[in-house]
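Going down the list, the protein sequences come from chains A and B.
For the first sequence, our numbering assigns the number 1 to the initial residue and increments by one for each residue that follows.
For the second sequence, our numbering assigns the number 1001 to the initial residue and increments by one for each residue that follows.
It is worth saying that the hints were derived from the structure and are not from the lab.
We put the beta carbon where it would ideally sit given N, CA and C, even for glycine.
The reader is advised that the hints may include incorrect statements.
[Claimed, not checked] Covered stretches of chain B, as calculated for chain A (at least 3 residues, CB under 8 Å):
no. : segment
1   : 1103 to 1115
2   : 1121 to 1127
3   : 1150 to 1159
[Claimed, not checked] Computed cross-link-like contacts, DSS-like style, restricted to lysine-lysine with a CA-CA straight-line distance of at most 25 Å:
no. : chain 1 : residue 1 : chain 2 : residue 2
4   : A       : K106      : B       : K1081
5   : B       : K1308     : A       : K106
6   : B       : K1081     : B       : K1209
7   : A       : K106      : A       : K156
8   : B       : K1048     : A       : K106
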Amino acid sequence: MTDSAAAVTNPQANSGSSGVITLDNLSVSFGRRPILKNLRGELRGRAIGLLGPNGAGKTTLIHTLLGFHPPTSGTARIFDRDIRGDAAQIKSLIGYMPERDSFIAKMSCVHFVRFMAELSGLPPSAALERAHEALFFVGLGEARYRNLDTFSLGMKQLAKLAQAIVHGPRLIFLDEPTNGLDPPARQRMIKMIRDIRDSGQANIVLSSHLLRDVEECCEEILILKDGRLVVYCNLEEERKANKKFLMLETRGDLKEFVTAVNALGCECAVTSDHRLKIILQAGAEIRDIYRLAAESQVQIRRLTYKRDSLEDIFLKAMENGSQAGDAPLLGS
Amino acid sequence: MAASQKGWTTNVAVLERAYKQYQGPQSPLWSRFLIIPRHAYRDVFRSKIFMAFFALSFIWPLVCAILIYLHHNVEAIAVLKINVRALLPIDAGFFQTYVIVQGTIGFFLAMLVGPQQVSRDLTNNALPLYLCRPFTRSEYVVGKMSVVVILLSAITWAPGLILFLLQSYLEGWSWFADNIWIASAIFLGSLVWIVLLALMSQAISAWVKWRLAARAALLGVFFIPTIFAEVINGIFQTRWGHIFDLRALIGNVWSGLFGTFVRQTGDIEEFRNGRVVRQVIMSEPPLWASWFMLFLICAFCLWLLSRKVRAYEVVK
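Whenever a hint applies, use it, and build me the whole structure from the sequences.
Shown next as structure tokens:
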């Protein structure tokens, strides 16, 4: 699915021709310490991953987009609204799940989520109704009348997610959503994030240092290093491209098989005894390879994709941190 | 199966558990700061100590109302066999006493309610949740102050104005017209005190996270400068130490509003060989100095709040 196709099939999630988030030479400094340096780019995906080592500036970028820190220079736009001038409008469109523990003491969970909904502008009756819905959605339906002080870490994470989505924002910032979660809880959180993404009702920005979380949820990724944007990558495109590269382990006489594959228009190379590399061309599919193998009486014992995992992309980015704003598009 | 049961259908409620945007109406922007006191009162009114104290704080207004009634009830005066009118005239002094007593009670009420307002949010890192919404820092501060302001208004100027109207009703229109300035003195005097208490309790709450320590700090802010002021007055034989004394400052403001402010409060004469060799006139600081100091204190509290009420503390 290309970027433009994503915009067409999810019109509610990404309106207009401009991106969800547009970074325009955005720089942020704390005193004399530069934190973000000349970030440029346009992000359009349903789910955008923000990756980077500790101290790269991921949380600062989110905080700047939320209006917590004023930019030192440059600006950014969210849904075509400038973060400098239209902060109040932007805040009515976004939800935020902080990384750290954040809640209001001496409140029950439903009261807390309702309070947050009212602060977002919902009338009291609608806020209460949406609070119950949000808590059932995240799986805290049975525990919603308990005090937040009595919640476990996993439950607090879910409560944070509930308050981030209760007012139905168009863009949701999730900062380390799987922090401190055990594997089953992590799976549930990832599933919920994917459900929100696939509903087409909201865009997501997921900041994490866990590559697996980002790989499972996101279509686009930004990798930050030392406050600079070192890589921008469209994972969907990357996955599609890598599906073209096949590595086969076979049994049987390969001569006829190789000829047939070449006749299909695909490039084929025999790397060693019974091992092949094939590059599929447009129009050719894996089932064609299986058909040709059956016709040539060749057994395909193993078929794998040569795929750059997100880990490979990330490690390459850390080794080759590039100049500000000149983030290479991987796969090109 | 009975024939009636064959066509029987059951409608099962299906909970929609999918994410969806909210498309309904929004609450008006100007009123959103009131969300904070509305939700805070659920916790405040759960405290039995607070409820008892709040109920007791209406005793003095009730006593005043009874006194006003006695002033105008000839039969009651005859039964009591005392001249209530001469003993306790209903004038500016009467209402000033009312404001002083209720102001003192309001101080203890603010001490009960004020210190936990901001400190809890800071302790639990709740500020980002407020400020990521269309809700500004100013609205947050005003909302938190409203918790104290509304409660104190209910026990100070609101019953005070009711007492004034009761007196006006019983005394007649001419009394009302001649003394309308007393009503403005009740309102303004109470408001100044309420705003000062609200700002101070919020500022202390923002900087002192432990609730008991915040209450002690609020007490200390009122009594320690008093001692300091008296020390200065004693050493320098003056009354200018009172510009550091919050109780003296607000007392001067109230006196000024009710027309009972007296600048010169005494003098000290030094005799030698039967002759006065030195005379020191003891004057209170001028009224404008009291107003100015209160304004400075409020500005300082606002500055303290602005330093602490942020989404995240930035280490530069």
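message: What's the verdict on K1081/B and K1209/B, does the C-alpha distance respect the 25 Å limit or exceed it?
response: 56 Å, violated
Whether chain A covers the segment 1103 to 1115 of chain B (at least 3 residues having a Cβ closer than 8 Å to its Cβ atoms): violated (count 0)
message: Can you confirm whether the C-alpha distance between K1048/B and K106/A stays at or below 25 Å?
response: 16 Å, holds
- prompt: Taken at face value, is the distance from the CA of K156/A to the CA of K106/A at most 25 Å?
  reply: 14 Å, holds
- request: Examine the segment 1150 to 1159 of chain B for residues whose CB is less than 8 Å from any CB of chain A, and state whether their number is three or more.
  value: violated (count 0)
- request: Take the C-alpha atoms of K106/A and K1081/B, compute the straight-line distance between them, and say whether it is at most 25 Å.
  value: 55 Å, violated
query: Keeping to a limit of 25 Å between CA atoms, is the pair of K1308/B and K106/A held or broken?
result: Answer holds: K1308/B to K106/A is near 22 Å, not above 25 Å.
- prompt: Okay, the segment 1121 to 1127 of chain B and chain A, do three or more residues pass the C-beta test at under 8 Å?
  reply: holds (count 5)
Violated hints, listed in ascending order, are 1, 3, 4, 6; each of the other numbered hints is respected by the structure.
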